[in-house]
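So the sequences go chain by chain: A and B.
Sequence positions in the first sequence follow numbering that gives the first Met the number 0 and run 0 to 179.
Sequence positions in the second sequence follow numbering that gives the first Met the number 0 and run 0 to 310.
Calculated directly from the structure, the hints in this document are not laboratory data.
Glycine included, C-beta positions come from ideal geometry on N, C-alpha and C.
Fair warning: there could be bad hints in the mix.
Cut-off 16 Å, straight-line C-alpha distance, at most; resulting in silico cross-link-like pairs (EDC-like, lysine to aspartate or glutamate) [claimed, not checked]: (1) B:40 x A:115; (2) B:2 x A:115; (3) B:31 x A:89; (4) B:17 x B:154.
Derived DEER-like restraints, expressed as beta-carbon distance ranges [what the hints assert, rightly or not]: (5) A:108 x B:258: 31 to 39 Å; (6) A:85 x B:124: 52 to 60 Å; (7) A:20 x B:280: 37 to 45 Å; (8) A:160 x B:76: 42 to 50 Å; (9) A:72 x B:280: 21 to 29 Å; (10) A:7 x B:13: 51 to 59 Å; (11) A:79 x B:96: 47 to 55 Å; (12) B:111 x A:141: 29 to 37 Å; (13) A:80 x B:243: 33 to 41 Å; (14) B:198 x A:160: 35 to 43 Å; (15) B:124 x A:21: 20 to 28 Å; (16) B:270 x A:79: 47 to 55 Å; (17) B:62 x A:169: 35 to 43 Å; (18) B:102 x A:108: 35 to 43 Å.
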Amino acid sequence: MANEIILNSKQFELTINRLCYQLIENHSDFSKSAIIGLQPRGIYLANRLQTVIKARTGIIVQTGGLDITFFRDDFRRTDRPLIPSATNMDFTVEGKKVVLVDDVLYTGRTVRAGLDATMTFGRPSGIELMALIDRRFSRNLPIEPNYVGKSVDTIEAERVTVSWNEIDGKDEVILHTTNE
Amino acid sequence: MNKGLSADHLLGIKHISKEDIEVIFQTADSFKGVINRPIKKVPALRDVTIANLFFENSTRTKLSFELAEKRLSADIINFSASASSVSKGETLVDTVNNILSMKVDMVVMRHPTPGAAMFLANNVDAKIINAGDGTHEHPTQALLDTYSIRERLGEVAGKKVVIVGDIKHSRVALSNIFALQKLGAEVMVCGPTTLIPKHIAQLGVRVEHNLKKALAWCDVANMLRIQFERQEINYFPSIREYTMQYGLTKHILDDLNKEIVIMHPGPVNRGVEITSEIADSDQAIILDQVENGVAIRMAVIYLLAAKIDRV
């Protein structure tokens, strides 16, 4: 098993900063925007974006956490946990520009469920997608991100883990390769 | 991480573990969020078909189950005894197997005979949810009652709950006793001697015939309806006398030097077991119970559906 650091903490910070500037460029004052992190790990990216945007612009962007368990397409097909994480959405998305964010974009199935789940909170004027890590060429569905932290080319046997300072003690992205 | 329920059916609270109850509560928390969104529906059960078999009258339980199933995107069929071939002499197993051959995955059944749900679970191939079997159990009611206590008071463990009224004919009482005890609450039953089963103390509950003493002891009072339809003889001289002794009024509550939570499984006989003033007060969580009923039933159906054979 080989581990390769694909983002160290310095690169991690730079990447988040760049993503924030891209959002600021496209959303200007964020008055009609909302950032929604997909549970369980997308919420850390969502909260980080909110913090950095506030530090840069003084604007507090509406930010929520969304669980998509009930919207998955693999109910009764896999052993995924049945019990959802919390959904923290104290706003509706009616007429808003929504940025769905997740740490790793892989098959696209979670995002597909996330799109459906988002729309139960109203009809947004548009939805964009941001992934900190985009595992290219692994998609099961025609879903592409608007904002990407870093793209990696991986095969199925490889795994990407994103560590967050808030829960894991450091910011880091590692690519695990199994030698078989 | 959580893998769901250990039980394969919901036949009664007696048969499920404390852990299962907690899994149901945790899932219901999420569904409570879902039913308060602008769009109150999730697609989780879109390939599941559920039959609601009601061999006994029901309004709110049937509505609540139906709504829960629809909110989960399940396909449903409804069947009630009056419109069925039961009156033509068909047996229960035959009736249900006929329905199952239309590819039904789950059966929600209310039946006047105690044990009917268990019998069905042993004889047909579907997930069974007991929506009330005679005077035996009504598990989803007990789950939503204890869930409502947890919501109002933070937890169920250590709380003192009195169930007042017709304990003898009440499946709600029996299921509530099991659920409350499993979750660590202390239970008392209160009512006229004729409506308290003789050996109920063996279940580990206190028995009290004086309503004021019972209320002074408790944190929560669950006021049951007198089930006239199940009473073949008169268990007390008159409704007026019952109300005098066991009816809950503002006057009695004002005499307590604490605020207790008032529950009622419905339908409420206003002015008999509880006055309108109390039923409509902030102390009463009767309508919360109804809302929580949908969330609890969604949780039970969802968790059992996860145990249907894999696609």
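Each hint, compared with the structure:
no. : hint                      : in the structure
1   : B:40 x A:115              : holds, 11 Å
2   : B:2 x A:115               : violated, 24 Å
3   : B:31 x A:89               : holds, 14 Å
4   : B:17 x B:154              : holds, 14 Å
5   : A:108 x B:258: 31 to 39 Å : violated, 49 Å
6   : A:85 x B:124: 52 to 60 Å  : violated, 36 Å
7   : A:20 x B:280: 37 to 45 Å  : violated, 55 Å
8   : A:160 x B:76: 42 to 50 Å  : holds, 46 Å
9   : A:72 x B:280: 21 to 29 Å  : violated, 46 Å
10  : A:7 x B:13: 51 to 59 Å    : holds, 57 Å
11  : A:79 x B:96: 47 to 55 Å   : violated, 33 Å
12  : B:111 x A:141: 29 to 37 Å : violated, 54 Å
13  : A:80 x B:243: 33 to 41 Å  : violated, 53 Å
14  : B:198 x A:160: 35 to 43 Å : violated, 59 Å
15  : B:124 x A:21: 20 to 28 Å  : violated, 55 Å
16  : B:270 x A:79: 47 to 55 Å  : holds, 51 Å
17  : B:62 x A:169: 35 to 43 Å  : violated, 53 Å
18  : B:102 x A:108: 35 to 43 Å : violated, 27 Å
When held up to the earlier numbered hints, the structure conflicts with 2, 5, 6, 7, 9, 11, 12, 13, 14, 15, 17, 18 and fits the remainder.
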